[in-house]
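From just these sequences and the hints, can you work out the full model?
As given, the protein sequences belong to chains R and C, one line each in that order.
For what it's worth, this note's numbering labels the leading residue of the first sequence as 4, then goes sequentially.
For what it's worth, this note's numbering labels the leading residue of the second sequence as 1323, then goes sequentially.
Keep in mind that the hints were calculated from the coordinates and are not lab data.
Take these hints with a grain of salt, some might be off.
[As the list claims (entries may be wrong)] Covered stretches of chain C, as calculated for chain R (at least 3 residues, CB under 8 Å):
id: 1; stretch: 1334-1346
id: 2; stretch: 1360-1371
id: 3; stretch: 1374-1384
id: 4; stretch: 1404-1410
The C-beta atom is built at its ideal place from N, Cα and C for all residues, glycine as well.
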Amino acid sequence: MTTTQTQAGLGPLVRQQVGRAGQRARNGVRLATGAARPAVGQTPKDVVWRHGRVELWRYRADGNGDEDVSARPPLLLVFSLFSRSYVLDLRPGNSFVEHLLAAGFDVYLLDWGVPDERDAANRLEDYVDDYLPAAVQRVREVSGAEEVDMLGYCFGSVLALLYAAHHRNAPLRSLTVLTTPVDLEHLGPFSNLTTRGGLDVTSLLDPDGNVPPHVIHQAFKSLKPTTAVTQYVDLWQGLWNDDYVASYQALIGWATDHVPLPGGVARQLADMLDDNAIVNDRLVIGGDRVHLSDITVPFLTVLANQDHIVPEASASPLIDLVGSTDKHELRLDGGHVGLLVGRTAARTTIPTIIDFLLQKGGPR
Amino acid sequence: MTSTPSWRRTYDVAERAVAPHAERWVRSGEYAQVTAAALGVRRRIGRVLDSVATTGWHLVNLPARSDVQKLRRQIGALDRDLRRLSLQLEQSRTDREGSGQ
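Set out below in C-alpha cells:
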C-alpha cells in the first residue's frame, strides 16, 4: 500500500473519530447535567387495584382497550421487593411487557411501591397471604377468567413460589419463575454477612424500620466489584451513540434505583439464610410449614448462566423441589437482567417464556 | 461492524485478571466479618450522635427526631394491622360469595 492510499484510508477514520469526539462531549454534558433522561415504564396501563403502597396495573393491549388480547388466562407479573418494577417495561422497543402484549397476553403487574415506616413491620405473610391472593382475585374479577398465569422475577419468584405452595387451591393455571434464589448458601456476600460475618440485620435498619436503599445498592454492587469501573468504561466506549446512552441511562438508572426493604421481611430473610430454609424445606409462613413440593401446577423455571446476583448454583435446585409433574427448566445464556432486557432477551428468553405460557394457556 | 478498540481490549484483559480475585474476596468470610464490623461501628457512631441530639432537644422540652420516628413506626404498625384486617375481610367475603353462602 502506498503512502497516498494509506492517507486516503485514514481520512474517513479520522473524520469518524472527530465526529464521535463531538458526540461524546455532547452526550457527556447531557449525562453530567441530568438532561434528557430516558422515559421508562411507558406502556399505557391502568391501576385496577390499590392497597397501601401496593398497586395492581393492567397494561393496555393496544393502548386503548383489550381488543388485542388473544391469549388466556391473564398473566400476573410479580416483582421483587428490592427494586423498582419498571425494568419489566424499561423502554419502548426494549420492554418485556411490550413483548407479552404483542403475543396477545392480558398483562397485569403487581407493583409493591416504595415502602415507608408504615411497612416496616411487613413480613412475608403480608405479601404471600394478603396482597397476592387479593391481587389474584382482582385479576380474575377484571378479566373474567377463572385462572391466572403467574410469573415471578428474582425475589418476586420466591413470593410467587410461597404463594403457590401456601395456597394449594390457588387459581393458578401455571407458574413461571425467573432467576429464583433457592440455595441461599450460594448467594455469596448476601448470605455470608449474616451467616459468617455475624451481622445483626437490625443494625442495617434505618430509623423508619426499613433497610435503606443505599445499603441494598451497596450489597448488590459488592457482588461484582469490578462492575463499578467497567460500567464507566462501557459508557465511554458507547458515549458517542445516542441510543446506547439512552439504554445505558435507563438500565444503570434502574440498577441504582432500589427501594427500602421492610425490616420485618429483612429479619425473616436473615433467618431463612441461616437455615438455608428453601432447600432444607424449613419454610414457615404465617405459622405454617410451607413445602415447595405442594406446588402442582405446570411449572417453568428459567436460569441465567451468567447471573452474578442469583448464581446458577443458587437457582438450579428448584426444579427438584417443586412437586409439579409438568415441570421444565430452561438454562439460558445471559445475566440477571439480560433475561428480560436487551437483544438476547428479545431473541431467546422472551419467546421461550411466551411459548411455554401459550402451550399451557392456549388461545382464547 | 466496528472493531473493539485496543484500549478496550487492554482493559478487558486486566479486568478478567482482577475480577476473579475481587469476587473471591467479597465472597470470603473475612470480607463478611470486616463489613459486618464496619457496619457495627457506623451504627454505634450514629447512636452516639443521635443520643446527643436527643438530649439537646429534650433539654428545651421539644421532641427529638427519634421520638417522631418512634411515633411514626407505631402508627405504621397500626396501619399494617388495619391493612391486613381489611384484606383478610375482603378475602373472606370473596370466599363466602364463591361458596354461595
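These are the hints, each one checked on the structure:
With 5 residues having a Cβ less than 8 Å from any Cβ of chain R, the stretch 1334-1346 of chain C passes the three-residue criterion, so the hint holds. Note: the stretch 1360-1371 of chain C has 3 residues with beta-carbon separation from chain R under 8 Å; the three-residue rule is met and the coverage holds. Under a criterion of three residues with beta carbons nearer than 8 Å to beta carbons of chain R, the stated coverage of the stretch 1374-1384 of chain C fails, only 0 such residues being counted. Counting residues of the stretch 1404-1410 of chain C whose beta carbon lies closer than 8 Å to any beta carbon of chain R gives 5, which meets the minimum of three for the stated coverage.
Checked against the numbered hints listed earlier, the structure breaks hint 3 alone; every other hint is satisfied.
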